[in-house]
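K.L.:
If you read the protein sequences in the order shown, they are chains A and B.
Mind the numbering: the first sequence is residues 1 to 270 in the working numbering, read in order.
Mind the numbering: the second sequence is residues 1 to 307 in the working numbering, read in order.
Worth double-checking, as some hints may not be accurate.
Said to hold, decoys possible - As a list, the in silico SDA-like pairs of lysine to any residue whose alpha-carbon atoms are at most 25 Å apart:
id : chain 1 : residue 1 : chain 2 : residue 2
1  : B       : Lys268    : B       : Asp76
2  : B       : Lys268    : A       : Pro184
3  : B       : Lys84     : B       : Val7
4  : A       : Lys259    : A       : Val9
5  : A       : Lys259    : A       : Ile33
6  : B       : Lys268    : A       : Lys259
7  : B       : Lys268    : A       : Lys36
8  : A       : Lys259    : B       : Ser89
9  : B       : Lys268    : A       : Arg226
10 : B       : Lys268    : A       : Ile132
11 : B       : Lys268    : A       : Lys154
12 : B       : Lys268    : A       : Val101
13 : B       : Lys268    : B       : Tyr4
14 : B       : Lys84     : B       : Leu57
15 : B       : Lys268    : A       : Pro213
16 : B       : Lys268    : A       : Ser21
17 : A       : Lys259    : A       : Pro184
18 : A       : Lys259    : B       : Leu138
19 : A       : Lys259    : A       : Pro125
20 : B       : Lys268    : A       : Thr13
21 : B       : Lys268    : B       : Ala43
22 : A       : Lys36     : B       : Leu51
23 : A       : Lys259    : B       : Leu187
24 : A       : Lys259    : B       : His28
25 : A       : Lys259    : B       : Thr48
26 : B       : Lys84     : B       : Pro115
27 : B       : Lys268    : B       : Leu138
28 : B       : Lys84     : B       : Leu138
29 : B       : Lys268    : A       : Gly124
30 : A       : Lys259    : A       : Ile10
31 : B       : Lys84     : B       : Leu135
32 : B       : Lys268    : A       : Ile10
It is worth saying that the hints were derived from the structure and are not from the lab.
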Amino acid sequence: MNRYLSFPVIVLTAWCMLALSATLLSLRPDEIILQKILALPEWQAWLGYDDLGRPIADRMIMGARTSLLVAFSVVFISFVVGTVAGVFAAWFGGWWDNITVLIIDIFIAFPGILLAIALAGLLGPGIMNAVIALSIVGWVGFARLARAQTLTVKHREHVTAARALGTRTARIVFRHLLPLIMAPLIVEATFAIAGTVIAEASLSFLGLGVQPPDASWGSMIREGTRYMLVAPHMVLAPGVAIFLVVLSINLLGDRLRDKMDVRINDRNSQ
Amino acid sequence: MLNYLYVRCITAVIVIFGVSTLVFLLIHIVPGDPVEVMLGETAQFADTEALRTALGLHLPLHQQWLNFMSQLFTLDPGTSIYSKREISSILAERIPPTVLLACASIIIAISIALPLGIMAAVYRGSRWDSGAMTLSMLGISIPNFWMGPLLIMVFSLWLGWFPVSGNEGFASLILPAFTLGTALAALLSRMVRAALLEVLNEDYIRAARARGLSQLAVVLRHGLPNAALPIITVLGMQFGALLAGAVITETIFSWPGVGQLTIEAIQKRDYPVVQACVLLISLTYVTVNLLTDLAYAFLDPRVRLEK
């Protein structure tokens, strides 16, 4: 049993299980109990109640669902679009490559989440627009990585050999190229999930993501900041959740990178 | 060398053009009629048409783009729809607090990251190393919109050491700067460690040790200066993340900077102000990146002397 792997795996399994089973559990995230407004944790509601008297534990699970759905759809879209664009650019080269690199450079010139905030703000608040905004920002990293990786693999002997044998381009790409460039892309995807969890929560914190009454860990922190003196649990619970999930993904990503990245393995073995 | 500088500067100009075009297009992704969205459904026809003309949105797209670019060149971003004030004068008020906050958080980040990274590199593989790197991993994983409220809760509400929000003197700067600086400190300490580990195996370090220099002198005089370049690069690259983080941090602490202005403008649907803010922040980032690259080329004799 690996002592590094166990903690992140437990946290992430819990995150996925809770998020996916949210509809099966008999949760009442929107039920308002007026007598319980801002009530501290108790036996029936072990995370207490929020400013409207809704059970925080139930809302946390709905928030887990939001963050999981957004993170995985954004990273999936970014992964596919970015990889296709990057491989295409590097494979065909020439003007296509120049234009792709220019577009990548322009998107990278926007600092981190700023473009997503602007896009989500102008598209209008809502979970769908948050996914669109984060995907528009997210594909760039994958495109840059896929392009760089393709450039190094493109001229290897086995690719030249496959070409010389008259293999179709699509077959070369899928059989001889993609398997070789997949490892760093998967590592990138892992960190991208952590980044997207934070980004979604940031948008929701700013009021640009999930809209009430739906729950997101980010919007729960936002609501909680108004009641920090009387009900600190409102801020603590969702914050701890984001922190644990992001920390776990980062630990797992580090581990994956050490395992999969040949270059780093070489350096360590010296 | 000169060739590299030319290419780098030309690329930067093209990127600035692209970034401006993208920001120009932002107003056109607003679903429906941006003028109606800005003024609300109850607006009078005369008002919407007046605003449309004022913003030039009735013109063909290429004409609008040319207007936008000429505004950019003359540094005249127009007027705010909400407050009817010149955007340039609003920005003039908002830029100094953001610069102050950014500088303070960079100083905090460096003063945390340097000792932590040096300690981790010098005592590589020890408890100090794993402790420092665990701390850095925690710092990377803690989002600033949670860090901020936590700091407020502990240091403002419970201990009463700092004001909760606003911009009144030095005390109100500490918490936002710390919130913003944490992630940078965490990343930077990893970079300091990695860069130092690269150089600590070099011959001149061994030579310095052989001459009987103390551990501290070896690291500070011979190690750190040679490890400085990758550290400066990371600092430059992370500057963008810092600016983006400022948007959230300023909102948490009601810090009257450009970041808070951006969010206020988005909430009030004051799109010209949103465009101006996003453009300002992005162009600052592009410029800092360019300067970092140029500084890199200038500082490193291996790059500078290359023919």
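K.L.:
Checking each numbered hint in turn, tell me which of them this model violates, lowest number first.
P.N.:
2, 3, 5, 6, 7, 8, 11, 12, 13, 16, 19, 20, 22, 24, 25, 26, 27, 28, 31 and 32
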